[in-house]
Amino acid sequence: MIIYKTKDWLPAIWHFHTGPTAISLFRRLIVVAIYVAMVTIVELRYDDLRLKDTPSSFLSAMGILLSLLLIFRTNTAYDRFYEGRQAWGTLVNNCRNLAIFYNAILPTGDDDNRLFFARTISNFPFALKNSLRDLTSMDELDTTEEGEVRDLSNFDHKPSGVSNQLWVRSEALYRQGLITDSQHINLNRYLGSLMDVCGICERIKSTPIPFSYNLFIKLFIMLYVGVLPFTVIEVYGYLTIPAVLLTSYILVGLEMIGEEIEEPFGFERNDLPLNQLAQLIRVNVHDILQIYLPHVEKQAAKPGFTIVT
Amino acid sequence: MIIYKTKDWLPAIWHFHTGPTAISLFRRLIVVAIYVAMVTIVELRYDDLRLKDTPSSFLSAMGILLSLLLIFRTNTAYDRFYEGRQAWGTLVNNCRNLAIFYNAILPTGDDDNRLFFARTISNFPFALKNSLRDLTSMDELDTTEEGEVRDLSNFDHKPSGVSNQLWVRSEALYRQGLITDSQHINLNRYLGSLMDVCGICERIKSTPIPFSYNLFIKLFIMLYVGVLPFTVIEVYGYLTIPAVLLTSYILVGLEMIGEEIEEPFGFERNDLPLNQLAQLIRVNVHDILQIYLPHVEKQAAKPGFTIVT
Amino acid sequence: MIIYKTKDWLPAIWHFHTGPTAISLFRRLIVVAIYVAMVTIVELRYDDLRLKDTPSSFLSAMGILLSLLLIFRTNTAYDRFYEGRQAWGTLVNNCRNLAIFYNAILPTGDDDNRLFFARTISNFPFALKNSLRDLTSMDELDTTEEGEVRDLSNFDHKPSGVSNQLWVRSEALYRQGLITDSQHINLNRYLGSLMDVCGICERIKSTPIPFSYNLFIKLFIMLYVGVLPFTVIEVYGYLTIPAVLLTSYILVGLEMIGEEIEEPFGFERNDLPLNQLAQLIRVNVHDILQIYLPHVEKQAAKPGFTIVT
Amino acid sequence: MIIYKTKDWLPAIWHFHTGPTAISLFRRLIVVAIYVAMVTIVELRYDDLRLKDTPSSFLSAMGILLSLLLIFRTNTAYDRFYEGRQAWGTLVNNCRNLAIFYNAILPTGDDDNRLFFARTISNFPFALKNSLRDLTSMDELDTTEEGEVRDLSNFDHKPSGVSNQLWVRSEALYRQGLITDSQHINLNRYLGSLMDVCGICERIKSTPIPFSYNLFIKLFIMLYVGVLPFTVIEVYGYLTIPAVLLTSYILVGLEMIGEEIEEPFGFERNDLPLNQLAQLIRVNVHDILQIYLPHVEKQAAKPGFTIVT
Amino acid sequence: MIIYKTKDWLPAIWHFHTGPTAISLFRRLIVVAIYVAMVTIVELRYDDLRLKDTPSSFLSAMGILLSLLLIFRTNTAYDRFYEGRQAWGTLVNNCRNLAIFYNAILPTGDDDNRLFFARTISNFPFALKNSLRDLTSMDELDTTEEGEVRDLSNFDHKPSGVSNQLWVRSEALYRQGLITDSQHINLNRYLGSLMDVCGICERIKSTPIPFSYNLFIKLFIMLYVGVLPFTVIEVYGYLTIPAVLLTSYILVGLEMIGEEIEEPFGFERNDLPLNQLAQLIRVNVHDILQIYLPHVEKQAAKPGFTIVT
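Chains as they are written, first to last, in the numbering used here: chain A, 1 to 309; chain B, 1 to 309; chain C, 1 to 309; chain D, 1 to 309; chain E, 1 to 309.
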């Protein structure tokens with residue numbers, strides 16, 4: 001994710017136009033440029049289809065409907081982005097509360113369990129992050145005992161595996177009497193919500209905006225941009241080309257940002273900083289359970305993404 | 001459901017126009033074409049109703065109100081689609097948490113109960129799916145004991161039946177002391193939410209957008225398209241026909257996508273992949289409870305719908 | 001409520017224009033017709049107020065603001081409709097869960113309690129329905145013992161009375177030890193939510209959109225329709241009359257649908273099918289608790305409202 | 001609050017224009033009238049600033065942005081109004097559930113506690129109402145014992161005081177063994193939510209729409225109304241004055257309704273009927289706990305506000 | 001935060017234009033002024049690019065899309081502002097309920113624990129406030145024992161530290177038998193929600209609107225303002241300069257208010273009154289637990305921000 005100082009416009013504009021979405025946007029604009037140039041030359045040199053007097057209300061109504069559809073698209077994309085961020089925010093809250101809970105109930109000297117929970121709670125966001133990114137690497141997971149890694153490799157779905165480890169150990173403590181009934185009830189609210197966050201993220205990832213809407217908006221933009229040159233050519237002459245290109249830039253650009261935003265778990269510039277959030281959870285959980293964590297780990301929880309000044 | 005690579009437009013456009021909604025859309029457009037052709041010919045050859053000078057603000061205001069209504073329609077349809085998806089997402093979460101719960105509390109060797117819960121939890125999404133699609137087949141349900149199928153057939157409403165089986169067995173374990181009080185409280189949150197998901201889906205299915213709104217929007221589109229040719233004919237001449245057809249395509253198309261989306265439990269292209277979600281739950285639940293599942297079942301949980309490249 | 005096959009337009013249009021709202025709409029349109037006819041005749045025959053050249057941006061801005069207000073009205077009305085439907089959906093869920101709960105904890109032979117709960121749970125939606133419709137009849141309520149009806153008649157607010165019966169009997173079972181502590185905690189979530197649903201429905205019923213907004217929108221429509229004929233008369237001549245009538249039909253119609261929808265508990269065509277929902281709960285609850293219900297009752301739970309084909 | 005029969009327009013219009021907001025609206029319109037009259041006279045008699053040919057798209061875009069901002073204002077104001085109403089609805093639900101709870105668990109003969117809870121639960125909405133209206137009177141509170149009033153006067157924040165009384169008495173019953181553990185858990189959900197409702201209402205009261213937005217909208221209206229006469233004067237002549245006044249009436253009126261609605265706990269016409277809601281809770285709670293309440297109190301719970309027929 | 005009497009416009013306008021956002025807005029407008037002056041002079045004296053006849057529907061459609069985007073921006077910014085306010089409202093509710101809870105369960109003479117909880121609950125909002133503002137000062141925190149400050153300094157994340165203190169002391173009371181099982185369950189709902197509020201605020205602070213949208217809106221405004229002078233210069237002549245400046249003022253101003261509002265935890269004029277809210281919690285908590293608080297502290301909980309009369 002890119003954080004930026006909101007009062008500086010020019011560097012941000014440059015930055016914006018060098019990402020992968022921008023490149024794919026420029027590719028589209030080249031197609032539009034060729035089309036509108038052909039239309040302009042043919043119209044001005046040879047023939048005139050006489051669409052120039054299009055009643056303004058007619059085209060304007062189409063433009064308004066298209067604008068409203070693009071904002072609908074923008075809203076749904078943003079809602080997904082925000083829902084994903086909220087899910088990870090809930091994860092931060094629950095991991096902290098789990099750590100505070102274990103710190104309050106574990107006896108002061110019980111370093112084994114403290115270490116286990118500090119590491120295993122921290123593993124959940126990393127397992128979730130990799131699962132959302134279709135990565136199978138378990139390098140970022142931190143383990144205390146040999147058995148755990150072997151244990152995790154039994155699970156196809158790693159977040160379920162980590163959640164399972166936390167439940168199994170908690171139930172063991174409960175059976176030993178270290179966790180009382182009422183503590184157990186409280187605990188399960190936090191434990192259960194880990195998989196809820198996981199499910200929400202997977203839902204956002206696997207359910208884009210319905211196919212028909214996505215396509216319909218693309219088609220509508222194509223039709224609008226296709227008709228546009230005929231209606232302005234009489235007045236603009238060769239200035240038609242930059243005018244249509246500018247309009248296309250805005251319409252296509254807005255649509256493409258929507259597509260980039262609506263699945264916020266990848267590696268693109270606008271995606272959520274999952275690495276840093278997972279690291280933040282690790283640092284907080286170790287801080288609360290008072291388990292030593294190397295300084296380099298703490299640094300990694302600081303916003304490490306580009307800051308546009 | 002159709003998943004598509006969002007950067008490719010042309011194959012998607014082709015794909016879009018071959019579904020059943022598209023066919024019914026084309027049928028409407030033929031009616032519009034005949035109407036507008038008649039109007040154009042009569043107007044240009046014989047008479048002129050002199051509506052061509054319609055003050056632009058008047059028709060434009062109607063066009064804006066129609067656009068806003070169509071977006072209202074689109075929003076409510078999409079909200080239903082998304083609410084249905086969220087309900088199934090909640091179902092995934094709760095089934096996984098139920099499995100993790102039982103895995104943590106059942107003794108290691110208790111294969112009977114593990115098998116029972118792996119199968120019965122997995123049965124719920126299948127029973128719900130068939131109930132939402134008005135199917136009575138119970139072939140996809142997986143059972144361990146003869147008594148269960150007979151048991152289910154006592155219930156008119158299968159999801160209630162499966163939920164009932166889970167409650168009855170859980171209460172039996174509770175009475176045997178295998179489930180403690182605090183575990184019982186946690187358990188019931190998950191069990192109760194199964195029927196909540198069922199109720200939400202049935203509500204979405206049985207309550208479309210109020211009749212008056214649905215009709216009013218259809219009527220408004222008819223009026224708008226009916227008046228449109230008179231206002232552009234003077235300028236466009238015979239080009240009136242494609243212009244009005246294009247506008248109709250956009251207005252009617254948007255309205256029909258709304259109708260297709262708002263009940264997302266059927267078999268249409270934009271509907272939710274209920275089969276695959278139910279299968280995903282089955283695979284996850286068996287994975288967590290470490291019950292063997294044939295490889296062919298695991299494959300069925302992978303997105304099996306058409307991928308437009 | 002009217003359910004309709006969404007692909008058929010013409011029968012739906014006819015159906016739409018025969019309800020009470022439609023009649024009251026036609027009454028308004030007659031007033032508009034007289035007004036616009038008078039304006040047209042006076043203008044064309046005697047004098048010209050010369051408003052015909054109204055700058056289009058001026059009237060158009062007013063038209064847009066009016067459109068946005070009407071959509072705001074439509075949104076809030078629909079939100080109430082949907083909130084009412086959601087409340088009844090929650091009622092369905094909780095009644096089913098209550099039935100599943102009692103079925104799981106009551107001993108197999110305890111027919112007395114099964115019958116009591118099957119009937120009393122089923123009574124709640126009927127009591128709520130009648131209370132929302134200001135009916136005092138208790139004919140639809142089903143009772144097992146003489147004392148209960150007498151008991152209910154002590155309560156001015158019947159839903160509270162039925163809820164009270166369920167609580168009192170449940171507390172008795174709890175004191176007898178038939179319900180354990182953890183079951184009791186789970187039970188109370190369902191019991192408590194009955195009155196929550198009741199409160200939500202009463203709130204929707206008693207709080208319409210704020211008076212000022214309602215009136216302001218009506219006034220705005222009157223002003224807009226009042227000014228409209230002067231701005232189109234020069235161009236349209238006697239066609240002004242149908243043009244203004246059409247516009248009025250759309251503006252007034254949309255406003256009136258909003259009023260009809262926002263209180264969805266009555267007997268109008270767009271209102272929620274409370275009878276059928278209450279009956280559905282009765283059938284489901286008896287199904288789950290395996291209590292015999294006459295076949296005629298099951299039929300009544302099927303959608304009994306007009307189906308426009 | 002004013003309830004109105006939605007089908008009658010004319011009496012409602014008269015009623016609308018006699019409230020305090022309307023008077024303050026008329027004051028603004030007089031200022032506009034003087035301004036537009038001066039502009040019209042100067043323009044028509046002496047000089048012409050030649051803004052009459054303002055390209056319509058330019059002013060229209062500003063008009064659309066202003067319309068959208070006003071609807072944003074309207075939406076946020078309405079959301080606050082509705083959130084306030086929902087909070088009081090939740091209060092009704094919880095007070096009823098508290099009464100049902102105590103009725104179910106208190107022994108039949110325990111009139112002392114029944115009376116205490118009937119009165120103290122009923123006191124909460126009255127204490128909250130007065131606190132929201134910055135009134136310190138405790139006349140409406142009903143007490144059984146001398147100690148209670150003295151007790152309440154120790155608290156600066158009366159709702160906290162009443163809530164505290166309910167908690168203290170409940171804890172005493174719990175320590176006496178009259179309330180069991182599981183009843184205690186259920187009870188606390190209702191008790192805790194009383195202060196939640198209180199906090200929500202205080203938040204709505206103390207946080208209006210951000211200052212910048214409020215001001216910006218006012219400024220925008222001033223600029224729009226200020227420029228408007230220049231753009232219509234050429235066409236309208238002296239009719240400019242009523243046209244601009246009408247526009248101002250709509251823009252300023254909509255903005256002022258927003259301000260009136262967004263803090264719904266006062267005494268204005270559109271405010272929530274807190275007196276009647278508090279009285280309704282008192283009647284319901286006494287009804288459920290079967291405590292006698294004089295008939296005059298029951299009458300006060302009926303909608304006592306003006307009904308525009 | 002600025003509270004204002006909503007009926008007075010003029011002083012508010014002056015106040016609005018003296019803040020830091022306003023200064024940065026004026027800087028932008030100077031750039032626009034230089035640009036539009038240059039364009040106007042060049043166009044009028046030397047050459048004419050002949051864009052004056054831009055078809056109104058073309059520019060108007062762009063203006064509408066820009067307006068919709070700005071309102072989207074405004075909505076998301078306001079939602080963050082409101083979500084932040086809601087989180088602090090929840091904090092007020094939970095701190096009050098915690099105080100009421102401890103007051104009800106602590107024995108009357110237990111002044112030690114009362115003092116501890118009055119102070120430590122009050123410390124949480126202050127720790128959160130400073131953490132959100134990146135301040136490390138602990139001067140505002142109130143402590144009873146030496147050990148506590150030392151204890152807090154072990155925590156990098158102070159809110160976690162304070163929450164931890166509350167949990168540890170509560171668990172100690174629970175182990176001593178002063179808190180029973182059911183009280184413990186209720187307690188943990190309130191304790192857990194403290195860190196939830198903290199997490200929500202941190203999320204709002206660290207996640208602005210996605211970079212692409214922010215930039216795209218800025219870019220769109222630049223393009224619109226850049227093209228605007230060419231389309232109005234023919235009609236307006238030298239009046240083009242104020243007209244474009246006015247438009248820029250509105251577009252840029254709206255965008256900048258959005259940026260100011262969306263992170264509401266700072267010291268700017270529209271930010272939330274965190275100091276006063278934290279002080280309000282302190283006063284309420286001491287009031288409920290009947291712990292003496294100096295009068296000067298109570299004064300600080302009154303709204304101390306500028307009141308524009």
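Treat the hints with care, as some may be off.
Now the in silico label distances, taken between C-beta atoms and shown as ranges [claimed, not checked]: (1) T108(A) <-> P20(E): 16 to 26 Å; (2) I41(A) <-> Y238(B): 18 to 28 Å; (3) T180(C) <-> D110(D): 23 to 33 Å.
Taking lysine-lysine and the DSS-like style, the derived pairs with C-alpha atoms no more than 25 Å apart in a straight line are [claimed, not checked]: (4) K218(D) <-> K205(D); (5) K205(D) <-> K298(E); (6) K218(C) <-> K129(D); (7) K298(A) <-> K129(A); (8) K205(C) <-> K218(C); (9) K129(E) <-> K298(E); (10) K129(C) <-> K205(B); (11) K205(A) <-> K129(A); (12) K298(B) <-> K129(A); (13) K205(A) <-> K218(A); (14) K205(E) <-> K129(A); (15) K129(E) <-> K218(D); (16) K129(C) <-> K129(B); (17) K218(E) <-> K129(E); (18) K218(E) <-> K205(E); (19) K218(D) <-> K205(C); (20) K205(C) <-> K129(D); (21) K129(B) <-> K298(B); (22) K298(C) <-> K205(B); (23) K218(A) <-> K218(E); (24) K129(C) <-> K298(D).
Here are some chain E residues the structure puts well away from chain A; computed CB gaps all over 10 Å [unchecked claim]: (25) M38; (26) L141; (27) V168; (28) N188.
None of these hints come from the bench; they were simulated from the model. Glycine included, each C-beta is placed from N, C-alpha and C at the ideal position.
Evaluated hints:
1. For the pair T108(A) and P20(E), the supplied restraint of 16 to 26 Å is violated, since their beta-carbon distance comes to about 49 Å.
2. Distance hint for I41(A) and Y238(B): a CB-CB separation of about 25 Å, consistent with the stated range 18 to 28 Å.
3. At about 25 Å, the CB distance of T180(C) to D110(D) agrees with the hint of 23 to 33 Å.
4. Of the supplied pair hints, the one linking K218(D) and K205(D) holds, its CA atoms being roughly 21 Å apart against a limit of 25 Å.
5. With a CA separation close to 20 Å, the supplied pair K205(D) and K298(E) stays within the 25 Å bound.
6. Of the supplied pair hints, the one linking K218(C) and K129(D) is violated, its CA atoms being roughly 32 Å apart against a limit of 25 Å.
7. Simply put, K298(A) and K129(A) have alpha-carbon atoms about 19 Å apart, close enough for the 25 Å limit, and the pair holds.
8. Restraint check for K205(C) and K218(C): satisfied, since their Cα atoms lie roughly 21 Å apart, inside the 25 Å limit.
9. This hinted pair checks out: K129(E) and K298(E) have alpha carbons roughly 19 Å apart, not beyond 25 Å.
10. Note on K129(C) and K205(B): the hinted pairing holds, with a Cα-Cα distance of about 22 Å set against a maximum of 25 Å.
11. With a C-alpha separation of about 12 Å, the suggested pair K205(A) and K129(A) falls inside the 25 Å cut-off, and the hint holds.
12. Using a Cα cut-off of 25 Å, the hinted pair K298(B) and K129(A) holds, with the two alpha carbons roughly 22 Å apart.
13. This hinted pair checks out: K205(A) and K218(A) have alpha carbons roughly 21 Å apart, not beyond 25 Å.
14. Note on K205(E) and K129(A): the hinted pairing holds, with a Cα-Cα distance of about 22 Å set against a maximum of 25 Å.
15. A threshold of 25 Å between alpha carbons decides the hint, and for K129(E) with K218(D) the separation of about 32 Å lies outside it, so the pair is violated.
16. Our distance criterion of 25 Å between C-alpha atoms is broken by K129(C) and K129(B), whose separation comes to about 30 Å.
17. Distance check on the hinted pair: K218(E) and K129(E) sit about 31 Å apart at the alpha-carbon level, beyond 25 Å; violated.
18. Under the criterion of a C-alpha separation no larger than 25 Å, the hint pairing K218(E) with K205(E) is consistent with the structure, at around 21 Å.
19. Of the pairs offered as hints, the one joining K218(D) and K205(C) is violated, with about 34 Å between alpha carbons and a cut-off of 25 Å exceeded.
20. For a cut-off of 25 Å, the pair hint linking K205(C) to K129(D) stands: about 22 Å separates their Cα positions.
21. Taken as a hint, the K129(B) and K298(B) pair is honoured in the structure, with Cα atoms around 19 Å apart against an allowance of 25 Å.
22. Proposed proximity of K298(C) and K205(B) is supported: the alpha carbons are some 20 Å apart, at most 25 Å.
23. For the hint linking K218(A) to K218(E), the alpha-carbon distance of about 24 Å falls within 25 Å, and the restraint holds.
24. A hinted pair counts as satisfied when its Cα atoms are at most 25 Å apart, and K129(C) with K298(D) qualifies at roughly 22 Å.
25. The Cβ of M38(E) sits about 19 Å from the closest Cβ of chain A, beyond the 10 Å cut-off, so the non-interface label holds.
26. In this structure L141(E) is separated from chain A by more than 10 Å, as the shortest Cβ-Cβ distance comes to about 18 Å.
27. Distance check on V168(E): its Cβ comes as close as 5 Å (rounded) to a Cβ of chain A, failing to clear the 10 Å threshold; non-interface status is violated.
28. N188(E), annotated as away from the interface, has a beta carbon of chain A within 10 Å; the closest lies near 4 Å.
Checked against the numbered hints given earlier, the structure breaks hints 1, 6, 15, 16, 17, 19, 27, 28 and satisfies all the rest.
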